[in-house]
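Novice: Numbering (our numbering), first residue to last: 1 to 176.
Certain hints may be false.
Said to hold, decoys possible - Below 20 angstroms or equal to it, Euclidean Cα-Cα: the simulated EDC-like pairs (lysine to aspartate or glutamate) are:
(1) Lys140 / Asp66
(2) Lys129 / Glu148
(3) Lys129 / Asp66
(4) Lys129 / Asp53
(5) Lys155 / Asp66
(6) Lys155 / Asp134
(7) Lys129 / Glu93
(8) Lys140 / Glu93
To be verified - Ranges between beta-carbon positions, derived for each pair:
(9) Phe63 / Thr2: 36 to 44 angstroms
(10) Gln139 / Asp23: 37 to 45 angstroms
(11) Ala67 / Val128: 30 to 38 angstroms
(12) Gly30 / Pro159: 34 to 42 angstroms
(13) Tyr13 / Thr151: 36 to 44 angstroms
(14) Asn147 / Gly30: 21 to 29 angstroms
(15) Pro159 / Val128: 27 to 35 angstroms
(16) Ala79 / Asp23: 19 to 27 angstroms
Don't read these hints as lab results, they were simulated from the structure.
Cβ coordinates follow ideal geometry from the N, Cα and C atoms, glycine included.
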Amino acid sequence: MTQWTVHGTRRIYESEWMSVDLDDVEVPQGERFEHHVLRLPYPSTAVVLVHQDNVLLMWRHRFATDAWGWEIPAGRCEANETPETAAIRETEEETGYRPGRIEPLVTIHPLNGLSSHTTHIFTGSDPVKTGEHDPAEAQKIEWVPLNEIPTYIRKGLIPCGITLAALTTYLTLRTT
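Go ahead and model the full structure; you've got the sequences and the hints to work with.
Specialist: Given below as C-alpha cells:
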C-alpha cells in the first residue's frame, strides 16, 4: 500500500468553526509540497426524514455559492453530543419536525481531498410536528414524493453534495 506521508502541519487560520492548515506532504513517488487542509473540529449530521413515501426537504439559499436548492436538514454536532442526538436536534430546529426514530444510513467525507470533515447521515421516520421551520434556515419546507427525487436531481434542484449523497444512497439501498 502506498499513501501520502505528512511531515508537519502549520496552522494558517483557526476559529471555533474550522481551521485551515498547510500540511507538508510527500506523495509515494517522492514529490514533497505544501497542501491546504480544511479541518472542522466536529462532525456534522444530516437526516433523510421519510414519511409515507415522501422526504422532507428545505428550499434555501446558500450565499457562498449564490445558489438556491432543496436540502435535507443538516448541521454540526456540538461538543459532547452524539451524532444521533445532533441529527434529531438539527432536524427539529430547522424544520419543526422531530424524527421519532433514526437509523444510520451512511458516513461520508464530502471533501476528502481537501478536508478532514465527516458527515453522519441518518434515515429518520415517524416524524412528529413540534413547531414551525426556522425561516433563517429555509424559505420553505415541503414533503416531496420520493419518486420525484430523480427529476429534481436531473433539473439541478438539489445542488448540495451532502443532500445528493444522502438521497441517492437512500433510494439505492431501499430498492435493493
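Novice: Of the hints given before, which are not true for this structure?
Specialist: 2, 3, 6, 14
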